[in-house]
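Protein sequences, first through last, are from chains A and B. The numbering used here puts the first residue of the first sequence at 1, with every later residue one more than the last. The numbering used here puts the first residue of the second sequence at 341, with every later residue one more than the last.
If you are wondering where the hints come from, they were derived from the structure by calculation, not from laboratory data. Keep in mind that this is a model prediction, so the values were computed, not measured. All C-beta atoms, glycine included, are put in the ideal place defined by N, C-alpha and C. Treat the hints with care, as some may be off.
Computed cross-link-like contacts, SDA-like style, restricted to lysine to any residue with a CA-CA straight-line distance of at most 20 Å [stated by the list, open to error]:
id	chain 1	residue 1	chain 2	residue 2
1	B	K758	A	W303
2	B	K1019	A	D332
3	A	K136	B	Q1114
4	A	K183	B	A832
5	A	K136	A	M122
6	B	K342	B	I566
7	B	K380	B	E532
8	B	K677	B	I566
9	A	K136	B	T928
10	B	K758	A	A294
11	A	K20	A	V78
12	B	K758	A	D332
13	B	K1105	B	R1118
14	A	K58	A	R113
15	B	K758	A	D299
Distance windows between CB atoms, simulated [unchecked claim]:
id	chain 1	residue 1	chain 2	residue 2	range
16	A	I242	B	D441	39 to 45 Å
17	B	T646	A	K275	49 to 55 Å
18	B	R1066	A	Q319	30 to 36 Å
19	B	P1059	A	F91	47 to 53 Å
20	A	M95	B	P827	55 to 61 Å
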Amino acid sequence: MTDQLAELEEIAQRAKGGLKNVTTEAQLEDWRRLNLGRKGALPLFLRSVKSLPIEVRKAIGQPANALRQELTTLFDQVKEEMSMKGKVKPFDISMPGIKPTIGHLHPLTITLRRIWDIFSSMGFQIIEGPLVEETKYNFDVLNMPLDHPARAETDTFYLNNGHLLRTHVSAMQVRAVLEQHLKPPFRFVLPGLVFRAERTDATHETHFYQFDGLAVDRHINLQHLRGVIDTLYTTFFNRPIISRLRPAYFPFVEPGFEVDISCIFCQQKGCRVCKQTGWIEVMGAGLIHPIVLANMNIDHEQWQGFAFGSTVDRLAMLQYSIDDIRLFWSGDVRFLNQFS
Amino acid sequence: MKVSYEWLYSFLPELKASPEEVAHLFTMHSFETVVGTERKIDSNIVVVKITAIEPHPNADRLRLVSVTDGTQTIKVVCGAANITVGDVVPYSPPGSTVQDDKGQAQVVKETVIRGQKSPGMLNSPRELGLSDVHGGLLLLPSATPLGTPLKNHLPSDTILEADISPNRGHDCLSHRGLARELAALLNLEVKEPVTKIPDKKPLSSWQVTIEDPLKAPRFAGALFQIDEIHPSPLWLQSRLFTVGARPLNNIVDITNYVMFELGNPTHAYDADKLPGDKLPGKKMGVRWVRAGEVVVTLDGVKRELTEDTLVITSNDQPVAIAGIMGGEATQISESTKHVFLEVANFNAFAIQQAATRLALRTEGSARWSKGVDPELAGDVFDRSISLLRDIAGADLQGTLDVYPRPRQAKTIIFPVAKIAALTGDTVPTADAILHKFRFSVREKTADIWEVTPPTDRLDIMGVADVVEEIIRFQGLNNLPAVLPRAPLVTRAIPEAIEWRETIRDVLVSSGLIETYNYIFEEGDLAKLLRLDTIAHLDLINPIAPNRRRLRISLLPGLLQNLQHNQAEFPSLGLFEVGLTMYPTDNVTTPTPGVREEQQLAIAISGQAEAFRLAKGIVETVAARLGLANLNYNQTQPSPQRSWLSMWQPGQVAEIKYGEAEIGTIGMLSSRVSQQLKLKDVVLAEIKLDALIAQASAERLYQPLAKFPPVLRDVSLKVPEDVAIERVQGIIERAGGPLLADIDLFDMYDASTDTAAVSADPVASKNLAFHLRFQAPDRTLTDAEVDRLQKAIETALETELGAQIR
Chain A
1 MTDQLAELEE
11 IAQRAKGGLK
21 NVTTEAQLED
31 WRRLNLGRKG
41 ALPLFLRSVK
51 SLPIEVRKAI
61 GQPANALRQE
71 LTTLFDQVKE
81 EMSMKGKVKP
91 FDISMPGIKP
101 TIGHLHPLTI
111 TLRRIWDIFS
121 SMGFQIIEGP
131 LVEETKYNFD
141 VLNMPLDHPA
151 RAETDTFYLN
161 NGHLLRTHVS
171 AMQVRAVLEQ
181 HLKPPFRFVL
191 PGLVFRAERT
201 DATHETHFYQ
211 FDGLAVDRHI
221 NLQHLRGVID
231 TLYTTFFNRP
241 IISRLRPAYF
251 PFVEPGFEVD
261 ISCIFCQQKG
271 CRVCKQTGWI
281 EVMGAGLIHP
291 IVLANMNIDH
301 EQWQGFAFGS
311 TVDRLAMLQY
321 SIDDIRLFWS
331 GDVRFLNQFS
Chain B
341 MKVSYEWLYS
351 FLPELKASPE
361 EVAHLFTMHS
371 FETVVGTERK
381 IDSNIVVVKI
391 TAIEPHPNAD
401 RLRLVSVTDG
411 TQTIKVVCGA
421 ANITVGDVVP
431 YSPPGSTVQD
441 DKGQAQVVKE
451 TVIRGQKSPG
461 MLNSPRELGL
471 SDVHGGLLLL
481 PSATPLGTPL
491 KNHLPSDTIL
501 EADISPNRGH
511 DCLSHRGLAR
521 ELAALLNLEV
531 KEPVTKIPDK
541 KPLSSWQVTI
551 EDPLKAPRFA
561 GALFQIDEIH
571 PSPLWLQSRL
581 FTVGARPLNN
591 IVDITNYVMF
601 ELGNPTHAYD
611 ADKLPGDKLP
621 GKKMGVRWVR
631 AGEVVVTLDG
641 VKRELTEDTL
651 VITSNDQPVA
661 IAGIMGGEAT
671 QISESTKHVF
681 LEVANFNAFA
691 IQQAATRLAL
701 RTEGSARWSK
711 GVDPELAGDV
721 FDRSISLLRD
731 IAGADLQGTL
741 DVYPRPRQAK
751 TIIFPVAKIA
761 ALTGDTVPTA
771 DAILHKFRFS
781 VREKTADIWE
791 VTPPTDRLDI
801 MGVADVVEEI
811 IRFQGLNNLP
821 AVLPRAPLVT
831 RAIPEAIEWR
841 ETIRDVLVSS
851 GLIETYNYIF
861 EEGDLAKLLR
871 LDTIAHLDLI
881 NPIAPNRRRL
891 RISLLPGLLQ
901 NLQHNQAEFP
911 SLGLFEVGLT
921 MYPTDNVTTP
931 TPGVREEQQL
941 AIAISGQAEA
951 FRLAKGIVET
961 VAARLGLANL
971 NYNQTQPSPQ
981 RSWLSMWQPG
991 QVAEIKYGEA
1001 EIGTIGMLSS
1011 RVSQQLKLKD
1021 VVLAEIKLDA
1031 LIAQASAERL
1041 YQPLAKFPPV
1051 LRDVSLKVPE
1061 DVAIERVQGI
1071 IERAGGPLLA
1081 DIDLFDMYDA
1091 STDTAAVSAD
1101 PVASKNLAFH
1111 LRFQAPDRTL
1121 TDAEVDRLQK
1131 AIETALETEL
1141 GAQIR
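Please model the complete structure; the sequences and the hints are all you need to start from.
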């Protein structure tokens, strides 16, 4: 059997070597006849092994057939090359693709939509409201009467008609409940543009987007609030996030706290974004103040709820590593082109 | 607030927690606190006494100062002006470390200054890292032992920065307040600094009148006789430096010290200089300012006051702005012999408003603005008296205290079940926690408690506030996260918002880029666009005079965006979706008198056939909303529609859907585009609310045609003024029901081609349409289609005088 295998190997070497010298179609045809034709080397060999015992035939047959297939493919390939020579040029596959003209959504639109998606999946309705707001909704009904120190500290744009540009979307809390005739239990999210009359820099703008969320029910408590907060951030950043709750003061919640999340950039090792603390401040939250519930015409003996508020621009900046909040309002296409 | 760890420690001898641990505890249970700077004076810096001062031979501003540490005399160059022979000052020899003007550590070297050797230097508070003050050398009390290390007298300290939340300004803007808070969190004992003064004798010949006791609930005062005004002891100066104050003299320093210690600002007057009768009797008062009254404050500024400002008066003449700043005329000076100490209480809002009006934010006004417990004045009074006696050697002549309605803390009826209801946790130790925070708790029943906060917790008003105390002690951060169980909601996003977002997606897939612009309209641009004559809403406090008005159109913003990007993107398509706002007489709008309208605006520059492109995009949007057949009417500016003059006359149309006005589309006028240096700009402005009101998601499936269509073209020349719409109308009518579709595929306006015009002087245009014929029930024959095409061509010839080509 080793004799036959050696013979087969010789046929293969000879055929492949011979093909290298083929330059014309006539020579190619001669090669085919010599190697693959009825009286060619390989068919003759195959016929010669027919008389051998079955075991040997099996052992020889497989490599022989493989060789026939290989030689046939080589023949087709050389034939194709010869026939197309000079007719088709190979591509420079490194040439750049032609890009279709596509537009871009503003990064804040993209971020707002992500926030809606997360909250609508948790059953929070989306409610929008006016930018020009009554002082009453922006301050008074939120437990910030005229003599409240926090009210004077707010940098508010006032209008010549006695109204103001809302300084926070919390201005919609009471308005949404009264105007939409909401009766508990309910859950909603208030996304929207807000305004502050302050000097702008890389982290401060006169215009920015916020969202508030509210839920009112009979037994909804601080633990549920944390459940919703954790779900928001782990879903938004699509990775495990640790939240940290620490006391803070907002007149319209009690108890109130601020939420930090574990820094998404440095795994809490400390970096520029988290100012080496490992934590990024993202939200204010708490249980809705009984006075605010009363202003919603809700009996705070029967019902209770939570509220939270955060800045959309901040989330977008974290998500895309944007280091200057003013870029959102620059209208610079070099910036806008980067998002879709 | 700057907090001295050393000061806190003096109240809490058992304190084991490090400054870092204290900061963390406050952050997690009270308010955000961070560790600030550490104060550590180099042990090589020693106390010396100035023995001689000579002029520097080569510099007018420098002097050669000889000092002694008790054993040897050293001569150094010094630039400070506040020294005389005999002063005791710090000396840093070569090799010791001081701070430069940027707070960076610097090693002192032996130097030569203008030809004079200076082995080391005498130090200012800033060089010692005590404060930002660099007005001269730190003058030490004359009894400070010479040659001893300065650090023995100025202990090391760590400064914490506590961001006290507004609701805790009542009780925590002081070291005692913070010590009490920390004591509650760590279960420590507070060593009280206040000693009661039992032997107060009344100032019987003094009178106090309070005009408005609601705004000035308390006015206490004490008169002292003083031997000599001198610098405060070093330990007291040191603490003032730590919290960022500047020591002046023992009397003023004590008033400041007590404020930082207990939280109640006070003020000391030179009693002999108070207007009115000579001592011992004065007529003091607290009242509202009268028209035209002026006070020259301590900082030498003449303050014209408004009538809603409270002043302290003597003999009815204003001597200080209550709670904000004392007057220059009655301030403590080296010649002061009698001191009148005012320990009062003022209303938070009154002081806050006045401080804002005067733009005078002082440590005192900041505390009043948050609200101070009038009960606190009692402790502050006693503490001030004992410090003035012990440190300043002041001799108490008598006291007065006008406090008509002492404050009572409000008792809260507290249902215990609320703890679990609000926090999800029963907290069995709740009453012990409240006790730690100095609340009194009385069990009325097992379920109902009567809870009374200490008087200085002005922020505790109800049940929720009490629960907050309990849960913040436990640690909010220890709450578990639990998702609520709540009913399902089927439509979370309102339909109108979904449509708006769909429109955004259509615009993006049409190749446009979304921008966001300020709602503040730029005055000059609005004027150029003739928007300025339309009524606007105006801001009282705009960021700039040119940004006073709120936008009534999104187009100015988009034009600015085109301009801004023109160099890099000469061909650009932008859109914005946003709110515009107008004044209205309507008071039933969400905000009465204000109409807010959602608009969509598109601006495209540097594109061929820009008008058709924009129109196509608008129609794609409409089609996506299920609206077929928008109507376009030529329009032009009028006095009421001045803004239409931003568009090119003859190249602008209003868009309607049925009777509803949807918007405007057209080319930017050459007047405006030249001014803005823009080219070929098409604009569209769509009333989004009106468009979305018509939207419909309903779609009916059309059965697919079973028989093949026959495609033909027709090409014609018509006079230039014939509208394409009219040509299409004739083709459709003449083609009848078998003409399934018609599509303009070529258009050539011969009037713009000079060669063509000279060949054919009649202004005309060439049009070419694809025609698609199709029958639902059979394959059309060529003969049938030939007949229809002939009919179309005849109709075009006879009705329009068209030339079929």
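Hint-by-hint comparison with the structure:
no., hint, in the structure
1, K758/B - W303/A, "12 Å, holds"
2, K1019/B - D332/A, "19 Å, holds"
3, K136/A - Q1114/B, "65 Å, violated"
4, K183/A - A832/B, "16 Å, holds"
5, K136/A - M122/A, "30 Å, violated"
6, K342/B - I566/B, "31 Å, violated"
7, K380/B - E532/B, "27 Å, violated"
8, K677/B - I566/B, "5 Å, holds"
9, K136/A - T928/B, "16 Å, holds"
10, K758/B - A294/A, "17 Å, holds"
11, K20/A - V78/A, "10 Å, holds"
12, K758/B - D332/A, "53 Å, violated"
13, K1105/B - R1118/B, "37 Å, violated"
14, K58/A - R113/A, "67 Å, violated"
15, K758/B - D299/A, "15 Å, holds"
16, I242/A - D441/B: 39 to 45 Å, "42 Å, holds"
17, T646/B - K275/A: 49 to 55 Å, "42 Å, violated"
18, R1066/B - Q319/A: 30 to 36 Å, "53 Å, violated"
19, P1059/B - F91/A: 47 to 53 Å, "51 Å, holds"
20, M95/A - P827/B: 55 to 61 Å, "58 Å, holds"
Hint compliance for this structure: hints 3, 5, 6, 7, 12, 13, 14, 17, 18 are broken, all remaining hints hold.
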